[in-house]
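For the sequence shown, our numbering assigns the number 32 to the initial residue and increments by one for each residue that follows.
To be clear, the hints were calculated from the coordinates, so they are not data collected in a lab.
There could be a bad hint or two in this list.
For lysine-lysine, the following DSS-like pairs were computed, each having C-alpha atoms within a straight-line distance of at most 25 Å [unchecked claim]:
| hint | residue 1 | residue 2 |
| --- | --- | --- |
| 1 | Lys-166 | Lys-119 |
| 2 | Lys-35 | Lys-70 |
| 3 | Lys-265 | Lys-285 |
| 4 | Lys-274 | Lys-210 |
| 5 | Lys-119 | Lys-156 |
| 6 | Lys-210 | Lys-253 |
| 7 | Lys-274 | Lys-286 |
| 8 | Lys-313 | Lys-35 |
| 9 | Lys-321 | Lys-136 |
| 10 | Lys-265 | Lys-321 |
| 11 | Lys-159 | Lys-182 |
| 12 | Lys-182 | Lys-166 |
| 13 | Lys-286 | Lys-321 |
| 14 | Lys-156 | Lys-166 |
| 15 | Lys-321 | Lys-274 |
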Amino acid sequence: MHRKIMDISKRRGIMYPSFEIYGGVSGFYDYGPIGSKIKRNIEQLIRNYYVIDEECLEVECPTLSPEEVWIASGHLENFTDLMTECLKCGEAYRADHLIEEYMGKSCEGMHMSQLDDLIEKNMIKCPKCGGDLGKVYNYNLMFQTFVGPGKGKESAYLRPETAQTTYLAFRRLWEIGRKKLPLGVLQIGRSFRNEISPRQGIIRLREFNQAEIQFFVEPDKKFVENFDQVSNIKTRIVTKNGKEFDISLENAVKKGIIGIQMIAYFLGRSLQLFERMGIDPKSLRLRQHKDEERAFYSSDT
Numbered sequence: 032m033h034r035k036i037m038d039i040s041k042r043r044g045i046m047y048p049s050f051e052i053y054g055g056v057s058g059f060y061d062y063g064p065i066g067s068k069i070k071r072n073i074e075q076l077i078r079n080y081y082v083i084d085e086e087c088l089e090v091e092c093p094t095l096s097p098e099e100v101w102i103a104s105g106h107l108e109n110f111t112d113l114m115t116e117c118l119k120c121g122e123a124y125r126a127d128h129l130i131e132e133y134m135g136k137s138c139e140g141m142h143m144s145q146l147d148d149l150i151e152k153n154m155i156k157c158p159k160c161g162g163d164l165g166k167v168y169n170y171n172l173m174f175q176t177f178v179g180p181g182k183g184k185e186s187a188y189l190r191p192e193t194a195q196t197t198y199l200a201f202r203r204l205w206e207i208g209r210k211k212l213p214l215g216v217l218q219i220g221r222s223f224r225n226e227i228s229p230r231q232g233i234i235r236l237r238e239f240n241q242a243e244i245q246f247f248v249e250p251d252k253k254f255v256e257n258f259d260q261v262s263n264i265k266t267r268i269v270t271k272n273g274k275e276f277d278i279s280l281e282n283a284v285k286k287g288i289i290g291i292q293m294i295a296y297f298l299g300r301s302l303q304l305f306e307r308m309g310i311d312p313k314s315l316r317l318r319q320h321k322d323e324e325r326a327f328y329s330s331d332t
């Protein structure tokens with residue numbers, strides 16, 4: 032099915048691999064004439080929901096940031112995947128994905144030593160040449176480059192997400208917003224991740240588009256005035272303990288499944304947005320990440 036979809040996309044000018052005349056590079060796709068129009072329609076729909084309806088501010092920030100930004104945010108140390116390389120041919124693999132494909136079970140959240148043990152005990156070899164795999168290690172996903180020429184050049188990185196560039200301007204945005212909270216800020220733009228093994232067409236890319244909202248509130252503000260607009264939405268939720276059931280957003284908050292009403296509200300708005308895009312609500316679910324799955328900066332996802 033995936034191959035059929037990609038073939039149709041290529042023929043009809045929706046999307047196709049970049050740099051095709053030079054053999055292509057995995058993780059990069061062009062949006063064709065039709066794909067570009069679809070993308071712009073989706074972006075405008077997002078703006079209608081959040082800039083017009085929710086009165087969020089919209090910003091557009093550089094994709095390149097100095098190294099200091101990523102040191103302060105923790106990305107330089109923690110924005111990593113676990114990688115292993117073939118000792119014979121040098122092919123690199125994301126360790127957890129390789130083991131999952133071989134064993135048929137999830138390895139999400141496992142540590143390097145645990146993955147090393149699984150590779151050794153199950154005698155997992157390089158899929159490409161059959162060679163032995165090296166020790167698992169942390170691989171940083173950010174693209175590094177330099178700003179300026181000569182000895183004065185400074186280390187910089189392409190952003191792996193739009194969020195950090197929004198945070199940097201918080202004080203100025205707060206002043207523009209008349210120094211009031213809550214304050215919502217939308218940014219739609221390009222992000223970059225040097226993925227170990229890009230796959231599934233545009234599902235996992237090295238350069239991709241993001242639409243992210245940062246919503247700033249007082250720490251003790253847990254309720255939202257318009258919650259009644261989404262409170263009765265019923266959806267499937269998978270908890271971090273693996274329990275799966277259908278429940279309304281209102282009851283999910285009451286039972287403590289979703290921590291605060293504010294989060295439930297924006298989850299509801301996202302579900303409404305996806306339905307407006309033509310996605311069947313029955314094919315959607317909200318999955319709470321396990322503690323070991325969450326990003327290093329998240330208290331709940």
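Given hint Lys-35 paired with Lys-313 - CA-CA distance at most 25 Å: Holds, at roughly 23 Å.
Agreement of Lys-119 and Lys-156 with the hint, judged by alpha carbon distance not exceeding 25 Å: Given that 25 Å is the threshold and the Cα spacing comes to 10 Å, the pair holds.
Pair hint Lys-210 and Lys-253, alpha-carbon separation not exceeding 25 Å: holds (20 Å)
Straight-line alpha-carbon gap Lys-156 to Lys-166, limit 25 Å: holds (12 Å)
Restraint status (C-alpha distance of Lys-159 to Lys-182 at most 25 Å): Violated: Lys-159 and Lys-182 sit about 41 Å apart, past 25 Å.
Hint consistency between Lys-166 and Lys-119 [alpha-carbon to alpha-carbon, up to 25 Å]: Holds. Lys-166 to Lys-119 sits at ~13 Å (cutoff 25 Å).
Restraint status (C-alpha distance of Lys-274 to Lys-286 at most 25 Å): holds (14 Å)
Straight-line alpha-carbon gap Lys-321 to Lys-274, limit 25 Å: Within the cut-off at roughly 12 Å; holds.
Straight-line alpha-carbon gap Lys-274 to Lys-210, limit 25 Å: violated (42 Å)
25 Å Cα cutoff - pair Lys-286, Lys-321: holds (18 Å)
Given hint Lys-70 paired with Lys-35 - CA-CA distance at most 25 Å: holds (21 Å)
Agreement of Lys-321 and Lys-136 with the hint, judged by alpha carbon distance not exceeding 25 Å: holds (16 Å)
Going down the numbered hints, you'll see the structure goes against 4, 11, 12, while the others check out.
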